[in-house]
Each structure stands twice: as C-alpha cells, then as structure tokens.
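**Student:** What follows is each chain in one-letter form.
There are 4 protein chains.
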Amino acid sequence: SGELFLIAGPCVLESESHARGLADAIQRIASDLGVPYIFKASYDKANRTSIHSFRGPGLAEGCRILRAIAESNKLPVLTDIHTPEQCVAASDALGPVEAMLQIPAFLCRQTDLLIAAANTGRAINVKKGQFVAPWDIRHAVEKIRESGNQRVSLTERGASFGYNNLVVDMRGLPVMREFAPVVFDGTHSVQTPSGGKGVSGGQPEFIPVLARAAVAAGIDGVFLEVHDNPAEAKSDGANALHLNKLKGVLETLLAVHAAVR
Amino acid sequence: SGELFLIAGPCVLESESHARGLADAIQRIASDLGVPYIFKASYDKANRTSIHSFRGPGLAEGCRILRAIAESNKLPVLTDIHTPEQCVAASDALGPVEAMLQIPAFLCRQTDLLIAAANTGRAINVKKGQFVAPWDIRHAVEKIRESGNQRVSLTERGASFGYNNLVVDMRGLPVMREFAPVVFDGTHSVQTPSGGKGVSGGQPEFIPVLARAAVAAGIDGVFLEVHDNPAEAKSDGANALHLNKLKGVLETLLAVHAAVR
Amino acid sequence: SGELFLIAGPCVLESESHARGLADAIQRIASDLGVPYIFKASYDKANRTSIHSFRGPGLAEGCRILRAIAESNKLPVLTDIHTPEQCVAASDALGPVEAMLQIPAFLCRQTDLLIAAANTGRAINVKKGQFVAPWDIRHAVEKIRESGNQRVSLTERGASFGYNNLVVDMRGLPVMREFAPVVFDGTHSVQTPSGGKGVSGGQPEFIPVLARAAVAAGIDGVFLEVHDNPAEAKSDGANALHLNKLKGVLETLLAVHAAVR
Amino acid sequence: SGELFLIAGPCVLESESHARGLADAIQRIASDLGVPYIFKASYDKANRTSIHSFRGPGLAEGCRILRAIAESNKLPVLTDIHTPEQCVAASDALGPVEAMLQIPAFLCRQTDLLIAAANTGRAINVKKGQFVAPWDIRHAVEKIRESGNQRVSLTERGASFGYNNLVVDMRGLPVMREFAPVVFDGTHSVQTPSGGKGVSGGQPEFIPVLARAAVAAGIDGVFLEVHDNPAEAKSDGANALHLNKLKGVLETLLAVHAAVR
Chain W
1 SGELFLIAGP CVLESESHAR GLADAIQRIA SDLGVPYIFK ASYDKANRTS IHSFRGPGLA
61 EGCRILRAIA ESNKLPVLTD IHTPEQCVAA SDALGPVEAM LQIPAFLCRQ TDLLIAAANT
121 GRAINVKKGQ FVAPWDIRHA VEKIRESGNQ RVSLTERGAS FGYNNLVVDM RGLPVMREFA
181 PVVFDGTHSV QTPSGGKGVS GGQPEFIPVL ARAAVAAGID GVFLEVHDNP AEAKSDGANA
241 LHLNKLKGVL ETLLAVHAAV R
Chain G
262 SGELFLIAGP CVLESESHAR GLADAIQRIA SDLGVPYIFK ASYDKANRTS IHSFRGPGLA
322 EGCRILRAIA ESNKLPVLTD IHTPEQCVAA SDALGPVEAM LQIPAFLCRQ TDLLIAAANT
382 GRAINVKKGQ FVAPWDIRHA VEKIRESGNQ RVSLTERGAS FGYNNLVVDM RGLPVMREFA
442 PVVFDGTHSV QTPSGGKGVS GGQPEFIPVL ARAAVAAGID GVFLEVHDNP AEAKSDGANA
502 LHLNKLKGVL ETLLAVHAAV R
Chain B
523 SGELFLIAGP CVLESESHAR GLADAIQRIA SDLGVPYIFK ASYDKANRTS IHSFRGPGLA
583 EGCRILRAIA ESNKLPVLTD IHTPEQCVAA SDALGPVEAM LQIPAFLCRQ TDLLIAAANT
643 GRAINVKKGQ FVAPWDIRHA VEKIRESGNQ RVSLTERGAS FGYNNLVVDM RGLPVMREFA
703 PVVFDGTHSV QTPSGGKGVS GGQPEFIPVL ARAAVAAGID GVFLEVHDNP AEAKSDGANA
763 LHLNKLKGVL ETLLAVHAAV R
Chain Z
784 SGELFLIAGP CVLESESHAR GLADAIQRIA SDLGVPYIFK ASYDKANRTS IHSFRGPGLA
844 EGCRILRAIA ESNKLPVLTD IHTPEQCVAA SDALGPVEAM LQIPAFLCRQ TDLLIAAANT
904 GRAINVKKGQ FVAPWDIRHA VEKIRESGNQ RVSLTERGAS FGYNNLVVDM RGLPVMREFA
964 PVVFDGTHSV QTPSGGKGVS GGQPEFIPVL ARAAVAAGID GVFLEVHDNP AEAKSDGANA
1024 LHLNKLKGVL ETLLAVHAAV R
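Residue numbers (the numbering used here), protein chains in the order written: chain W, 1 to 261; chain G, 262 to 522; chain B, 523 to 783; chain Z, 784 to 1044.
Just chain W, with the same shape it has in the complex:
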C-alpha cells in the first residue's frame, strides 16, 4: 500500500476565519510530515440529537467557505451531503475545486442519495453505518460504481455495541478494502452516542489508540476531527482531537504505517 492520507478539520464550519485557521495549521503539519491532506468540514449537522443544537452556516455559505479555502490553500476539501438535492447544489457551489462528497453513516443505504452523489462525478466517501456489517457495505460501493462513478472510498467509524457505545472491529478493515480504499475515522469511533442529555459524549483519550490499531491493521487514510479548543467546539467537541496533539499522533501513525507496509 502507498502513502497514508489525512482527512481532517473541524466537525462543523463555525466561521470562515476559524475554518481557515484550522486548515492552515493542519496543512502545515501534514506538509511537514509529507502526508497528503484533505480539509474536511460540514456546512450542516443534519442529525444532531437535539433540535436546539448548532447546525452550521448552511449549504450555500458553507460551500463558499470550503471553496475559498480550497482555492487559497490549494487543498482538496470534503463535506457531507444529506439529500439527493444537496448533492447537485453542493457540487455546483463547490465549482472547479477538487472536492469529495461524503455520505453520512446513517444514510449509507439511501439509494437515491448514493446515486445522486455518484452522478456529480466527484470522489465519494461513504461512512459505514453503525448497523452495517463490513461485508455489507459492498452494496453502497456497487450503487456508486454502477452509476458510473469509480472514485469511492469507505470509512469505518464504529459499530453499535449495546447502547450508547460503539466498537471498532479491526477485522472489518481488510474486509472493506476488498471493495475500496478504506479510511479510519478516529474521532467518531470514540463517540458515545447518546442523547440522554441531548448531546453525544466522547472518549478522545482513545483516538490515538484506535488510530494506531487501525493503521497497523491496514488502512489507506485517517479521518480526524480536529479543533483548537474542543471544550468550546460548536459540535462534537467531546470527541475531537486537540490540534496541539495532531502532530504527535500523526508521527506515530506514520511510524506504524511504515512498519506494516
């Protein structure tokens, strides 16, 4: 296998300047380590536990920010989309920049969404649902490929393990790699999905543990939600990696990656 790539950024676009600050900082770290980097951020958190949670700037403004960062920083970007209509709208708004569209985990079986995403011609990253076996995500890949789009990757972000907890089954990584390149999402995998109090919790102390394990098991890329101040993040701060830990984590992941390839 080749180089390990990185998809990283804030969970949600909090503001253009905040997003830019993170993109700049992460890009610098990735560049220093020779890691190909894709900036990620969501324009809308469409399935927050509570109706009162912050959702983001919306599609139009969000894609404007993503495009601006992509152009200024010469970075590919990734954002998630939630309906067939959004696939077209987001792809149009992102314009000429290199952008991946991401299928959220809960939506990974929605045929129309997968087809609409595929039809944009963009690279598609499908998050494996918490309720989907590794061998069954093959069908999402096929829905995209049979729509004429061969650029698809899969992302592991944990499977339901009892209530309010996820487990990462490392056996699933090689299974999924039979179908497409595989990314490991180190931050959502440490979520403790809940809502008892209206928010999901997290165990960020396990991000490096699971990311090291996944790289050792064998993957193509790492997905990390990174924030410069997780305690104040407007979404998913409970499971974000602090920016000041990113460099150390990546250095170890690269060493592990070198050991197994």
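Be careful, since some hints might not be right.
As the list claims (entries may be wrong) - Computed, partial: chain B to chain Z, Cβ under 7 Å:
| no. | residue |
| --- | --- |
| 1 | 569 |
| 2 | 672 |
| 3 | 685 |
To be clear, the hints were calculated from the coordinates, so they are not data collected in a lab. Just so you know, even glycine gets a beta-carbon here, dropped at the ideal spot from N, CA and C.
Please arrange chains G, B and Z on chain W, whose structure you already have, making use of the hints.
**Tutor:** Frame of chain W, contents of chains G, B and Z only:
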C-alpha cells in the same frame, strides 16, 4: 391502556389491485376482531440493499393508490417518506384522507425530515433506529412536538446485535411509552439485515413469538407486514407474515393484551 | 403446554430463619394460585465481583438448611453447585429430599461439572451463559443426557449486550424448548453486570415486564429471586423482586400463560 | 514499555513428541528475534463444546510433559487450571520449573479458583471473560493481589458481539493496563464460538490483523496458539496460527512495537 390497534399491509405497493386485495382482507379480519386498523404500504423502498431491487411505483402513483384505498375502504393509511421534499409532496397527494407519515428507522435522527413531517400536521410514526437506545428516541419525539405537532408515535423494530442480526429489548417498550404511544413492528424485528447476497433475510417463524412478548410487555399497537404470497413478494418477503396466519396471530395478541391491561 | 411452575427464593441463604420466612411466604402465595413451587437459595456465591462480598453459609450448613426446609415444608428445593466435587457433596448432604442442582451460567460449558451433576441422578437446571447462543446450549443438554440423566431444564438469564448490560432475546426461548423445558430467570435478566464499584446493579422495575414477555413467548417455568427487604439483601438485592410484589406479578403471569397456551 | 514477550504453543498437549517439536521450533524463532518466550499447552480442555471432543492427557501426564520441556529447553511454561483442587495439584506436579497458571476466560470470576491459583505463588494469567468489561476485570486482579500474590497478568481474547462472534475492543487494552500487564490472545480472539455442529470455528486469516492492531494499541505480550498442521489439530485447529507463519507475524509485530514505544 386502551385497545390494541393494527398497522398492516404489504411492504411495498406492488399494484393497485394487489394492495386492494390485502387491504380488503386485513380490514375484514380486523373488523371481525374489533381491532382499529390502519393500512400501510410503501410507495418507494429507498434503502434496498441492492440498486437492482424493486422499489415501488413512486410517490405520485403510490399516494394515488393509498388515497383511493383510504377513500373506498374508509381506512386511515400509513406510508413512509424519505426527504423533507417528500413530506410535502406525499401529504399533498394524499389529500383529505386520514394518513400517517412514517419516519424510517435509518432516518430517525434527520432533523429536517422530522420537522418537515411534523409541519404537514399529519400523525407521525417514528421507527426507532437499530442504533438508537430506547431513552434516546425521546429526541425525535421532541423535534416533532417542538415543531408544533403533538401526534407522534414510536415504533420498535429491533436493535443491532452483532452483525446481520437484530434483538428486541422488551425493556425498551415501557421506556419509550414515557414519551409517546408505542407500536411493535413484528416483521422488521425478525429481519436478518444483510446483503451478503444482496437481500435481507428473515425469520417469520418468530413473528408471533415476538409480537406476543411485546404485547405482554405493554404496547399500544402492532405493525405487521402481511402478504398473501411471501415467497413472491417484491420486497421483504423473507420476513412477511402470511395473510392466512394473521387472524390466529391477532386472536392470541388480543388475549394477551386482555391479560395485561 | 402445561402449568407454569415457579422457582423462587433468596439469592443466598442469609440465615435459616430468614430462608424459612421466605419459603413459607412464597409457598403460601404459590399454593393460593395453584402454582407448583420449588424453593431456591444458594449456599455459596462463588463468583461475586469482589473478594469482600458475602458468600453464604457454605455447602454443609447451606444444604442442611435447604434439606430442613424441604422436609418441613414438603417442597422441592434448588441450589447451585460450582465444582464436580460439590455435586457429590451437595447431593449427599441434601439426602432424600427432592432437589434440583443448578449449573451457574458462567460454568455452563464445564464438561466435568455437567457430568458430575448428571451423575447424581438429580434433576439439573442449566443456566445459559451470557456468551452462549440459544442453539448452542443444546450441547450442555447433551452432555447431561449422554451421562444417563434425562431430567434437565434450561434457564434463560440474558445475553451480553455491550458492556455492563444484558438483553433477553425472546426468540431464544422457543429455540431452547426444542432441547428441554425452559425457565425464564426474571431477576438475573435485569442485572447490570458490573463491578465498577464492586457490585452488580439491577433494574427490578423491568422484572414484571420481561417475565410477562417471556411467558407470552412461551416458557415452562419462572425463576425469581425474591426478598422481603431487597435494600438489605446480602447478595443481588439490586435486582431482587420484593416479596410484596410477588403475588401481583404471578397473577398477571398466569393470565398471560392462559392466553397463550 | 519494555520488550514484547510471547506465549505460544499448541492448544492442547497432543503427545510429548508433538509438544516438544513445537516448543523447539517456536523457541528457535523467538530466540532468533530476541523475543522472551513462554511455552503454553493445556493438559485438559475442560469446556469443549461436545462431550465427545478430545480433551488431553490429563493433569498428571500433562504436567509431566510440561515440566520435562521446561527443564530440557530451559523455558518457562504456562497451563490452565479449572478448579481450586487443580491449582494445588498442577503446581505441585510442575515442581521447581518456572510456570504460569492461567485462569480460563469463562472462570475469571470464580473467586475460589483465583484465590487457590494465587496461593500457589506462581505467576497468574487471567483471561478476561467474553462477558466482562475491561474495567471490571480489575476485580480478578484484586482477588489475586489481596491473596498475597502480586504476579498477575491479564489477557484479552475478545468480547461477545451478538451470537457466535467475538469482537476485540482495542480501547480495552489501555484500560486493563492500568491494572496489570496485558497480553493479547490473537488466536482465541478470532474464534467464532459455536457448537451448531459441535465445534467452534475460526478466522485465522485475521490473527495477524488483530495482533498488529493490539501491539499498536499497546500491550506487553502476545499469546498465540501455534500448530504445524492446524487442519489435523486435536483442538481449536480452526483458529490456530500455522507454525510456518509465526516468524513473519512476529517480525511485523516487533516492527509495530518499535514504532509505538
């Protein structure tokens, strides 16, 4: 608690005459037993495992059939919707008939869908996701109620239990009844979600077992996908209840219901 | 299926007078309702979370108490055993009274224990391990039957569902009944196995819910740990049924049983 | 953390010459790679699915073989014990050689067994039960330490994940290391516990995947059941690592270990 109601019909609308035949037959059985009855059928199976699976007649034709059956048989009807746009379109197409809109399990955290469904003013039935704890589905109820719609029910259809299997946690039924009336979906709960071969399997032999258990635990309604020829059903035949077993199953459920109320 | 029988008593023998008080009270309730009754109590809790927990009076004294109660009250009794050596010793100590030996759930695959229990000629009740699929407990039955003892029953007490939680899969009850009569343990099934603080917790509010569901699904007997003061019980008080609720629970279970047979 | 050690050998003692052959071969590989090595083999498989399965040579003959190998090869050895009585008998039979006693996973909560093992003064390796949360195995450690024996290690071998399947939660490894040194059992973790046909299956192709992941997550030792002809092994052949793959697997594990320490 009051009477046990029944939501039943084919998984998907295969044809108007087929749907009518089932509606007539089920209505007769329910009427004989004094069970309030809501006819259910989907106009589109939006998350089939394979892109090649039959999906149904689509929203316009499907809602036309549902409305025609509702009007001729004087029955309330239920159908599921998958995007905010479909909520408006389906509700408009169903017109003056009494109709429930159903939120599919995978989509039960999609805020915009819940709000759009709520805004139709129709009664909303939310299927609890296979990845959601009983206490956490409260948030779906709140998203609907805070949108100004108080008519919401919840449906249990099993929780992820390892791969390709679901388990029904009967403790969840009273937990969910704290939030809203609770329906037990006896047919999807016996699904063995898969896709290894491109279709989900099922264990219809356990439908009566789980339905009896759920009624004994305490619920308000039962949801059953019923077919006159499951082996030839165009969707989910593997876990459908055969029409010729419906009367016997309902009689036992009514006896159990009488024993516990 | 025939009558529903009851296995009930304190988790552990706290004292002879305490055990007698419970046996008398439960026997009276069971007799009033026409329910065949087996008194249960453990002489030793051999797998308490903490080394400091109360374990009971030991085999000799415990079996003396059980035998005395069996003789005075003309009741069959049940107790659990933990090693092959204990099978012989306990059976000898129980003497001529009708007594069932119970294989604890964690030990349900220990071949020597099953054979030694079988060789006593006593009726054997095997608790299904939290880690055993319903179809796999068939092997425990076979180990006993192939040792020449045909009197074996199986007890469901929940399966591991993530950490520190159990779920009862009602589908398992008819599966296990293919092998032997099936008992539902309503009190251990609501345990929240833990040890974070050195004790297991419980959810006694779900005992009636799960017991009703299991009887409706179809079982032969019910197992309930009953205590007159759960808050002060020396073992498993967190998931015991209060004695003053037993009659009401049994009345409902009998009504459900009548509805399904 | 220090060097990675290896516990390896056949599941069960098939014969002295067979055990010697494996011990010699594994010792040579470990020595070449500078890996501290402990020879493991069971004298009795006490919880085989079927009563008809091969169980081993028994305690006396098994311990004789283990002691002979320990003395001739100057190797520490490990074997499992199943009752308090066996702890004393096995420890006596092993005599002056350095030997670890292992608590089987199903028995990890049996207080008397833990105490009896502790009282031998031998190093004790506790396998974490498939039904035990990582934080709860602390109690097994405490039962041993409070008995006056400080030499205890813990082994991860997977947690129940639905029926007939295990999952390794890599988050558990650092949690358990708070209590004691942690070993990862790469072969039992790929078992598919069953018995449908009277034997457990396995997925040996995932042994290197999980072992790499566990070493990357951070552990102290690796446990591997190794056989020169898994297809003909008398126990657990379905999940054994073929001897001819051991060197390659270990080389990668050492590289990963170097990358993370």
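**Student:** State for each hint whether it applies.
**Tutor:** Cross-check of the supplied hints:
Annotation: interface hint on residue 569 of chain B holds; nearest CB of chain Z at approximately 4 Å, less than 7 Å. Taken as an interface hint, residue 672 of chain B does not check out: its beta carbon lies about 15 Å from the nearest beta carbon of chain Z, beyond 7 Å. Checking residue 685 of chain B against chain Z by beta carbon gives a least distance of about 4 Å; that is within 7 Å, so the hint holds.
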